[in-house]
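**Q** Fit chain S to the supplied structure of chain X, relying on the hints for placement.
Line by line, the protein sequences are chains X and S. For the first sequence, the working numbering puts the final residue at 555, and the numbers step up evenly by one. For the second sequence, the working numbering puts the final residue at 555, and the numbers step up evenly by one.
Hint data in this document are derived by calculation from the structure and do not stem from the laboratory. Ideal Cβ positions, reconstructed from N, Cα and C, are used throughout, including at glycine. Be careful, since some hints might not be right.
[What the hints assert, rightly or not] Covered stretches of chain X (chain S as the covering partner; in silico rule of three or more C-beta atoms under 8 Å from a C-beta of chain S):
1) 35-48
2) 410-419
3) 435-444
[Claimed, not checked] Below 30 Å or equal to it, Euclidean Cα-Cα: the simulated DSSO-like pairs (lysine-lysine) are:
4) 372(S) <-> 148(X)
5) 330(X) <-> 534(S)
6) 330(S) <-> 93(S)
7) 93(S) <-> 372(X)
8) 372(X) <-> 330(S)
9) 330(S) <-> 534(X)
10) 261(S) <-> 330(S)
11) 38(X) <-> 99(X)
12) 534(X) <-> 372(X)
13) 148(S) <-> 38(S)
14) 82(S) <-> 93(S)
15) 372(X) <-> 148(S)
16) 372(X) <-> 261(X)
17) 38(X) <-> 148(X)
18) 82(X) <-> 93(X)
19) 372(S) <-> 330(X)
Number of protein chains: 2
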Amino acid sequence: MSMVSPTIVIVGGVAGGASAATRARRMNEQAEIVLFEKDEYVSFANCGLPYHIGEEIPDRNDLLVATPEFLAQRFRIDVRVKQEVLSIDRDRKVVTVRKAGGSDETYEQSYDKLILAPGASPVVPPLEGVDAANVLTLRNLNDTDRIKAIVDRDATKRALVVGAGFIGLEMVEQLVQRKIATTLVELQSQVLPLLDPEMAKPIEQELLRHDVTVCTGAGLDRIIADEHGVAFAAVLDDGTRIETDLVILGIGVRPNVSLAKEAGLEIGASGGIATNDSMQTSDDDIYAVGDAAEYPYAPGDTRMRIALAGPANRAGRLAGEHAATGQCAKMSAVMGTSIVRVFGISAAMTGLTSGLATRMKREARSVTIVSKHHAGYFPGAEMMTLKLLYASEDGTILGAQIVGGEGVDKRVDVIATAMHFEGTVCDLAGVDLAYAPPFGSAKDPVHLAAFVAGNQLDGIENLTDADSNLEGIQVVDVRTAAEVQKASLKGVDNVIHIPVDELREHLDELDRSRETIVSCAVGARGHIASRILKQNGFDVSNLSGGATVRDRVFD
Amino acid sequence: MSMVSPTIVIVGGVAGGASAATRARRMNEQAEIVLFEKDEYVSFANCGLPYHIGEEIPDRNDLLVATPEFLAQRFRIDVRVKQEVLSIDRDRKVVTVRKAGGSDETYEQSYDKLILAPGASPVVPPLEGVDAANVLTLRNLNDTDRIKAIVDRDATKRALVVGAGFIGLEMVEQLVQRKIATTLVELQSQVLPLLDPEMAKPIEQELLRHDVTVCTGAGLDRIIADEHGVAFAAVLDDGTRIETDLVILGIGVRPNVSLAKEAGLEIGASGGIATNDSMQTSDDDIYAVGDAAEYPYAPGDTRMRIALAGPANRAGRLAGEHAATGQCAKMSAVMGTSIVRVFGISAAMTGLTSGLATRMKREARSVTIVSKHHAGYFPGAEMMTLKLLYASEDGTILGAQIVGGEGVDKRVDVIATAMHFEGTVCDLAGVDLAYAPPFGSAKDPVHLAAFVAGNQLDGIENLTDADSNLEGIQVVDVRTAAEVQKASLKGVDNVIHIPVDELREHLDELDRSRETIVSCAVGARGHIASRILKQNGFDVSNLSGGATVRDRVFD
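For reference, chain X alone in the conformation it holds in the complex (with noise of 0.2 Å):
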């Protein structure tokens, strides 16, 4: 064994695995790298494998990123796919590998450093009827394959996907624009369950302007199959029945850690392969990268499992570069930031939800805004809307999620590289943005929030949740009277109806002892209200996202 021509063992080709690869051929021409991959492909676009099925894609070799030709001829990689790594015996440093073919023949292959990628596979619920031939997951190209075969039969007319989270929503989409009727069925009571309800709703909105039936709050209780073993519905916890051609479970993933966890390798708290900054694991020749291993997690400062691609790119690289020159940079911290378009709006997210605050027991605030994507007098500005939260004693951002038209990518990655450096509602309010009209605004969506924020974390400005419960509160909309009479705000009786420009005349129709809240369709007028009677002695608070952000509640 020698560490100027090390032998490096990959063991999974994607989920960081071909990065991984890559990057320790770029750093030692001399050393021997063999990448294992227990399926047919190697470095697919996992990501693209719903678009693919959606035929927005329309191109199956579009998915395939890198071949195992390709990784031979450019990086001199020993790809070896369709054969699965089976043990890792630490002491003599080899691995028992399975050799392709379907034979139970096994052989070892030795390694220097060894670094373990083996991702995570779909949770199947043991439930009756799943091992239906139309009950599927989709986690690889075999998996597309299969889908879109069934997809493509004129005789497929109605399915049901089963999970509402990125996937699932993904899956929606494309199906519908095949032309697909489709059934969203999700456990938790809204969709997308890893944002806070508030701001899941527009994404079940648009689904239901798509004609998308959703069961929120519904479990799949079993799947009815034929005589040949195709099923042909599903019916809920609840007792629905759902008559469906094919079924798509998208409820989740498992990390593959039993062979980490049979080498004796740290398993975190997390349930991932626990790993250092270096990404090695408990092994300082061992390292785990990708859906099942760990990495350090900003907004709790912890270690999490984060199962997305960039992640597991970045963690691939470093990997590689570390198990070929014994160094190499910080894994950063991830924030688990993630975004997904559904039909003609998108959700982001980035760090904490109030939900996931709430979990860990940390202490944040939050304030939400509405804003147009770019200067609302430059014509297409579509609105979205934005939640920050961020830590009550310090103003340390803690996490975002928006929702809405155009430009939602650009604020949850502004607002993620700003939490990469542990800035503040402050540094946020004072972010030097590019603006011309048709990409933004003089004061961004981005700017408004950490706006609020600030006002919140000084004191200028009392903000109260869009979801509280307002009874026995003096409550005052500030909206004109046209606003109101469209729509009066929700869960809440008798409201106060005094426009904003004219409050200062009608201080004295309000009571300065009792609590009070003030309320416009967003949030804009209602903290000038909220200005005015603060400096004429109320005790007031402005509801965060106005009647807007509270619709989506009482919806």
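**A** Leaving out everything else, chain S in the frame of chain X:
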């Protein structure tokens, strides 16, 4: 004079003045707030003016962001339009104001706090014919109306735009959309002189694709008008004569600092009114914001005039708060982050360019990458070129320029955000950005640029600027035969051609004793080739941006 109810006087209703006024009101209901504006309009959308001329913003009313009536009604601001502040008596704390109505009558207005937002005025060179009726600058609504009236005439077929900065380029685009045959003249040797030449080149190419006549390196010598004072031709300093029905001068602005200067306020080295981090001038009771003020400027660690709407709005907000309460957050450093759309492409910048770094005597290194704006396998991916500048000593990001199709704005904002925190290229390589195929890549262009910069910083890869003289150097083009045949590497003879995938077998055909440069299409394969050669004993460097960027230099 009471500081509970101070009198806050604001000079200038655009460029931060309106932001200052409304923030002051929100912070202090008791203050008397007077806003002077010498023109007719306050708080109009100055960045939107070209788009109204081009009818992309059809309704002129959309340009009126906040009318005097609105500011009076909602914010109780005493807006006095068509009244010019002529002088400041700092001892008596009064300003002298010329009354509206064209008379020379003046009156005094006292202040406790004075906020100057006088903006800037377009430069009009003292050339023959510039006073012709159809030779115009674009700064306010009256200018807009005048230009649009001319464009609207059927007889207007040709236009000449002088100055290829932001406003010049926006005007050219909009004139072409109005089917006006347009000539663009720029004194510098390139369009968008703020950018490094190779980064501005795609903008020039886009202009040519839209049949704009582009004359760079040419100055305006004189304008020829008929006996009615209407210009019909312009003559450049090289003698070229251009027939035209309209001339728009977009050659820059001059800050309106005379009022401040005459009052004895300090003027900074950049020619703007000197300020501290609360936007106070050398007189604690007087603030300055907008195009006439200096801001903290990050990449140079200095103070600079930055005539952009974003900083003006943020500075106005802070000044208004400080004037009303005696405190505010620190004004964040600005980077000159800016963007312009020119037909189908956009160019953005933040911080330093190579040219600016040289002029500021700042040690900087740069990398240039060419990449798709989202996953290449997803349809509609558009190319962008990203040039990243960083400090040679520690990798601190100093600036970026980006030119391309979709997604340019997002990347410049991410980099500007990292710069806010004085981030390094290593930070940038680790930012956790949102990825789904319609929005980005697992390795975003921002990451790719940071990876390359990190390689350069760590000595893993040497890079050679695209415009370097390659004479006498062993140049290896590692593209495929087909690519080389289609377009050979410009500005160099005797290129050796070895495709990257065959390089390892042909090392002996190269001379290890010679300085060697590798090049491919954009730099990615060159990176691999440079690693192969370096590890085989070559003194090798990769041509930054490959043949694609070099083509722009030698076009």
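**Q** Tell me whether the statement that chain S covers the segment 35-48 of chain X is true, taking a Cβ distance below 8 Å and needing three residues at minimum.
**A** Check passed, 3 qualifying residues.
**Q** Would you mind confirming whether the straight-line C-alpha gap from residue 372(S) to residue 330(X) stays at or under 30 Å?
**A** This hinted pair holds, its Cα atoms lying about 27 Å apart.
**Q** Are the Cα atoms of residue 330(S) and residue 93(S) separated by 30 Å or less?
**A** holds, 25 Å
**Q** What's the verdict on residue 372(X) and residue 261(X), does the C-alpha distance respect the 30 Å limit or exceed it?
**A** violated, 49 Å
**Q** Verify the proposed pairing of residue 372(X) with residue 330(S), using a straight-line Cα cut of 30 Å.
**A** It holds: about 27 Å lies between the C-alpha atoms, which stays within 30 Å.
**Q** Is the straight-line distance between the alpha-carbon of residue 534(X) and that of residue 372(X) 30 Å or less?
**A** Roughly 28 Å between the alpha carbons, so the hint for residue 534(X) and residue 372(X) holds.
**Q** Within 30 Å, alpha carbon to alpha carbon, are residue 372(S) and residue 148(X)?
**A** Answer holds: residue 372(S) to residue 148(X) is near 27 Å, not above 30 Å.
**Q** Given the hinted pair residue 82(S) and residue 93(S), is their alpha-carbon gap at most 30 Å?
**A** holds, 22 Å
**Q** Would you say the segment 410-419 of chain X counts as covered by chain S, given the rule of at least 3 residues with C-beta under 8 Å?
**A** This one holds; 8 residues, not fewer than the three required, reach chain S with a Cβ under 8 Å.
**Q** Is the hinted pair residue 82(X) and residue 93(X) satisfied, with a Cα-Cα distance of at most 30 Å?
**A** holds, 22 Å
**Q** So if I understand the rule, the pair passes when the alpha-carbon distance is 30 Å or less; does residue 148(S) with residue 38(S) pass?
**A** holds, 22 Å
**Q** Please work out if residue 93(S) and residue 372(X) have their alpha carbons no farther apart than 30 Å.
**A** violated, 41 Å
Of the numbered hints given earlier, the model fails hints 7, 16; all others are met.
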